[in-house]
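Student: Given the coordinates of chain P, work out where chain Y should sit on it, guided by the hints.
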Amino acid sequence: MTRFLELDTVRYGYPGRSDVMLDVVQGVSLHIAPGAFHCLIGRSGCGKTTLLKLAAGLLQPQAGVIALQGVQVTGPNPDMGFVFQAPTLLDWLTVLDNVLLPIALHGKVETAQHQQAIELLQKLGLNGLQSRYPQQLSGGQQSRVAIARALITAPPILFMDEPFASLDAITRSELQQDFLTLCQSQGTSVLFITHDIAEAVYLADHVSVMQSGTICHQLAVDLPHPRQPALRYTADFNARCAELRLAMDGNL
Amino acid sequence: MRREHWISILMGLAFICLWEAWVRIAQPSALVLPAPSVIAQSLWQGLASGYLWPHILSSTRAVVLGLMLGGSVGFVGGIVLGESARLRGILMPYVVISQVVPKLALAPLFIVWFGFGTLPIVVMTALICFFPLLENTVTSLQHVDPQRLELFRMLRASRWQTLWRLKIRAGLPSIMAGVRVAVVLAWVGAVVAEFIGANKGLGALIIAAQGSMDTPLMFAVLVLITVLGLVFYKFAEWLERRLLQPPLDSQKKVEK
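Same order as they appear, the protein sequences are chains P and Y.
Residue numbering for the first sequence follows our numbering, beginning at 1 and increasing consecutively.
Residue numbering for the second sequence follows our numbering, beginning at 253 and increasing consecutively.
In short, the hints are calculated from the structure, not lab data.
Do not take every clue at face value.
Label pairs and their computed distance ranges (CB to CB) [what the hints assert, rightly or not]:
# : chain 1 : residue 1 : chain 2 : residue 2 : range
1 : Y       : L339      : P       : T9        : 48 to 58 Å
2 : P       : G45       : Y       : Q394      : 22 to 32 Å
3 : P       : N77       : Y       : V348      : 34 to 44 Å
Residues from chain P shown here face chain Y by an in silico Cβ test under 7 Å; the list is partial [to be verified]:
# : residue
4 : P34
5 : F82
6 : F237
Positions of the beta carbon are idealized from the N, C-alpha and C atoms, including for glycine.
Chain P with its partners taken away, still in its complex shape (with noise of 0.2 Å):
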């Protein structure tokens, strides 16, 4: 198997009380596959957050090793998307702006991107919004402009903090609908983080359960693709969300 985003036994604690560090990823080693969609669950303070700043290099691993390709990562690379939990939009900002931020920040904007900005504002079903300012629009939209700022630059992989955690859940499904047709037709990898186990069946090849700084359990979810909103509710779907229930309560 090629690997494409390597962690090894990678270790992170943050200070504690009288210099003992707290360890909160202990030892954790994953590779995603190029074009992978990997999905890591977990309860709230598992460690996943941390985790997935560690690989996206907005932190520092104390021990072990990240690599991107091959090459070390030491910090946040042009190879990289991240959308956080909160879409994290600029509001003095229009849409179309937002999304050509990570582009604006490193030269100036040219004509073909703009085109491109507006054709991805248009896949993701926000057409004739890009003058709008971020306050304009409902929390759905407002996802949906960040996931369009994070894939601009066409990042070979992308980084997601419970994206969707915030949204209704019709606004969700189709939003993940979207989303993962995109990244498919892009080749994009993504690391996603989720508490929801049918959200992480759902999107993903592969899930690793997290448990306090470990993985304690990995599923290969061999559902066919194109995944459609009417697999949610056959037995092979459901068997997998059991399982995954399971190794998150510690029963596996």
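Tutor: Frame of chain P, contents of chain Y only:
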């Protein structure tokens, strides 16, 4: 909104009418409380004869210069202190001390240092109005949403870009609130400094009018200062609206 506006204006007019009526009935000494009509007459004469204009110009110039000096020192200082925790630790106590000292009591000292004339008044005005801007700039730079900071790190923005495109821009409403406070305080600073050490300017004119027992002129100058202060405040408000316009102006939510 319109209606409150009218009620507010009517209240002011009613107050002036009552004042006028009371003075005509009770007839207090003009030295204590002149009638609004007498004040208006004094104001009109002063403006028409050109007597007031040099004082207006002198005070306005002092306020504008003081605001520019104090405002830029406050803004730049706020950025420096907001960005460096170490400098903040070292310098912030002195900044606070400079504000706790009764600045107006320093005016006689400023006259000794800078002589009579515009300079001590400008320095006094600057000293009074730099603080609200500094305070608000420091605070707003430190209260940037951590997730937005992480976004800028993820996008590999330089420190300068993060400062300019994120921190200052996100803090602009609070920085502009500091400007509004500074504009009001600037007039207080200039007028009081002129009380003490000037032979020109609206503050000096109040003292001169007191010396010649010309109470209507004192009131006329007070009216002038109020109007000028109001004009400056309105200008600051207009500037704020212009700078913050697009996002705040179109704040109505559009339903999906």
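Student: Where does the structure disagree with the numbered hints, that is, which hint numbers, in rising order?
Tutor: Hints 1, 4 and 6 not satisfied by this model.
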